[in-house]
Amino acid sequence: MDVLMLSRLQFAAATMFHFIFVPLTLGLSVLIACMETAYVRTGNETYRKMAKFWGKLFLVNFALGVVTGITLEFQFGTNWSRYSAYVGDIFGSLLAIEATAAFFLESTFIGVWHFGWEKLSPKAHATVAWLVAGASNLSAIWILIANGFMQNPVGYTLRNGRAELTDFFAVITNKYAWLEFFHVIPASLLLAGFFIVGISAWHLLRKSHTDFFQKSFNLGISVALVFGLFTAAEGHIHGNNLSDTQPAKLAAMESHWETQRQAPMYLLIIPGEDGNVLQALPLPGVLSFLAYNDFNAEVTGLNDIPKEDRPPVALTFLSFRLMVGLGTLFIMVAAFGFLMRNRLDKFPLFLKALPFCIPLPYIAIWAGWTLTEVGRQPWIVYGLMRTSDAVSPVGAAEVGFTLVLMTLLYALLGAVGIWLMVKLAKKGPEDHTPIQV
Amino acid sequence: METLMETGSLHYYLAMIWFILWGVLWAVYFILDGFDLGVGTLMPFLARTETEKRAILNSTGPFWDGNEVWLIAAGGVTFAAFPYAYAQMFSGLYMALMLLLFTLIVRGVSFEFRSKVESPAWKKIWDTAHSLCSFLPALLLGVAFGNIFQGIPLDETGFSQAGLFGLLNPYGIAGGVLFVTMFMMHGALWLCIRTTGELKQRAESMATKLWPGVVVLTVLFLAYTAVSTQLFSNYMVYPVLFVILLLPVAGLVLMRTYLGAGRYWMAWASSCLYIGGTALFGVIGIFPAIIPSNPNPAHSLTIMNSASSPLTLQIMLGVAVVFVPLVIGYQFWVYKHFATAMTEDDLHY
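From first to last, the protein sequence lines are chains A and B.
Numbering-wise (our numbering), the first sequence opens with residue 1 and increments by one.
Numbering-wise (our numbering), the second sequence opens with residue 1001 and increments by one.
Warning: the hint list may mix true and false statements.
What the hints assert, rightly or not - No more than 20 Å apart at the CA atoms, straight line, and that leaves these computed lysine to aspartate or glutamate pairs for EDC-like:
1) A:K207 to A:E430
2) A:K426 to A:D211
3) A:K307 to A:D389
4) A:K215 to A:E118
5) B:K1336 to A:D345
6) A:K119 to B:E1118
7) A:K423 to B:E1344
8) A:K119 to A:E45
9) A:K207 to A:D389
10) B:K1123 to B:E1050
11) A:K427 to A:D167
12) A:K215 to A:E45
13) A:K426 to B:E1050
14) A:K175 to A:E234
15) A:K427 to B:E1050
To be verified - Part of the chain A face toward chain B, derived, beta carbon under 10 Å:
16) F62
17) V112
18) N296
19) M340
20) V416
In case anyone wonders, no lab produced these hints; they're calculated from the structure.
Values in this document were obtained by computation on a predicted structure and should not be read as measured data.
Glycine included, C-beta positions come from ideal geometry on N, C-alpha and C.
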């Protein structure tokens, strides 16, 4: 394999691994801050225990998220140095702002949160929890503005052989970036909801710490339902926007080949790279509606996009289907769980199934990012720079070596991290505050 | 590389300011992560009991994460203010940086993983990982910066590859050894502040023993620098700059004096002065290059040919003016509240 492919694999591995941990950090940090606030407001000891128990899981997850994030910033330089030189003026400054305005806050106060249970008043500790949650989500804004520039570059001019910033306001108000933000954040809350619900269900089934896990379940299921609906609705708006910004991605995710009005959505498609192998069961006009909110609108097909500018169709198509399918399932599961939340003992099978649902939002989020990033290909910056022109002039052997090393290391740490989280989750909350010396 | 700006233009002054800030950021990173890397390196030499290991880990526990962000910030600022230098620095030092990142990853999780299972064997694995992955980043950072001081063989396109073995030249290794020793000293002083009893005595005696080593290595490194790099040329042109060298020298002397007097906070602050002064000495030495090219200085990546556009530099400056004092403010608050001699309360988890 050549350096380009190895570097793409390395970046995909690093981001996907990083993005196992980040969504839970984004969502769970907010929910933990809510638990601490509930404790400060009501004085109910259960809320404090909840913050501590979910907080322990949070810390293991957070550590893995942070350390794998460091690799990403530097990978732009190590593996994509031509990209870094070309758009560093804009992209680099966004990453630097993220570090200065958000990541510092998050990383400084996570230490305080971790070690401050005895040193700070409950009120101060809850404030610190909100600082961590706010900073994590603020960090996501800056990263998504940076990604938004790659998806839909705005506010630049080409000068001195690179993209130079001309309009910072346009960059930070990039509609694409904010549509991503309002999709990713609710999806993260949905994931955190399912995480809490899955673990709570496991304990409720065993009747351990019933009050504790019933409260946790109610919080988790409400959050999952509300934000599941929000994510889906926002996804539709996001799809609308694609028809203007990235028609090739839209066409690939629907495997839509012929430019036409009243474009149908086929319920059954087997995509190929030069046309569909099979398409059947059309719903007339539905694709036009999804793209433009108008059943008669014209939707560009892949045949009208030069071959060298088309993204890989099958992967884009399938990841979109997977994301939407799972998203629908989450809403149904969450709605059922929410309605039956006070009669859960009547549905042992449902409780048994919930822990197995924990991985599903992760898969949906992965699929979403695959759609976003693979669907943008062959561009690293849409319409501006091709991925193949972005790669560093480093040796294939070196990239291959570090790819193998990184994969092994990540697999090992990921396995240990998940094993630890399962162990901590099964152990449940402790009845007293232990001091281990 | 062609020049992006005219000397004396607004763009030029903005880029100069960012060069100074760039140097300061790296210096602050070395000062802050320096002590927790040093503490991690020292752990197997100082801790005998489980409680002492816990104490050593918790002495840096609340701080290391916030400290490491200065690396992200230093990297981010290189990316934002000098994108051509960033592209060169990180792809040119590919292997060294990848290894640095992997060790920092293992170190980061070792803090979190260790306490989660009650098993001596489990704890030993993560303690070993922790100290090894504190030692290696110190070494790799020293090797990387030694190579930057010395110059990297760049070509006319600016891109080149210094393989790992190319980086492990004698001067690079000398930089690595200096960094490791410097950070160990820094870490030992930190432990004098935060620990009590026998552990504190051991940390104090370690610091006392390390001090002459740091002095000798510093002198040798400076001599080696004079022989094998161009770092002193700016100083020769403007001898007044030699005043900068007073910082690390004063830091070294004060460090020993305060250590002897048992004033550990002041001894640690002197060590900060020493590390910051050493970094500043190097940064001034390579000016106006960010990545000097060796043997052909014409290919160097400099302030003038690798800076971002004036607009980006301005916006970044605005961000820095608002947020950096804020960051310093809240990090100072955290140190003030959490960096005291530890009691039993601090030893849980």
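Evaluated hints:
no.: 1; hint: A:K207 to A:E430; result: holds, 15 Å
no.: 2; hint: A:K426 to A:D211; result: holds, 16 Å
no.: 3; hint: A:K307 to A:D389; result: holds, 18 Å
no.: 4; hint: A:K215 to A:E118; result: violated, 25 Å
no.: 5; hint: B:K1336 to A:D345; result: violated, 50 Å
no.: 6; hint: A:K119 to B:E1118; result: violated, 25 Å
no.: 7; hint: A:K423 to B:E1344; result: violated, 27 Å
no.: 8; hint: A:K119 to A:E45; result: holds, 18 Å
no.: 9; hint: A:K207 to A:D389; result: violated, 58 Å
no.: 10; hint: B:K1123 to B:E1050; result: holds, 9 Å
no.: 11; hint: A:K427 to A:D167; result: violated, 53 Å
no.: 12; hint: A:K215 to A:E45; result: holds, 12 Å
no.: 13; hint: A:K426 to B:E1050; result: violated, 26 Å
no.: 14; hint: A:K175 to A:E234; result: holds, 13 Å
no.: 15; hint: A:K427 to B:E1050; result: violated, 24 Å
no.: 16; hint: F62; result: holds, 8 Å
no.: 17; hint: V112; result: holds, 6 Å
no.: 18; hint: N296; result: violated, 43 Å
no.: 19; hint: M340; result: violated, 34 Å
no.: 20; hint: V416; result: holds, 6 Å
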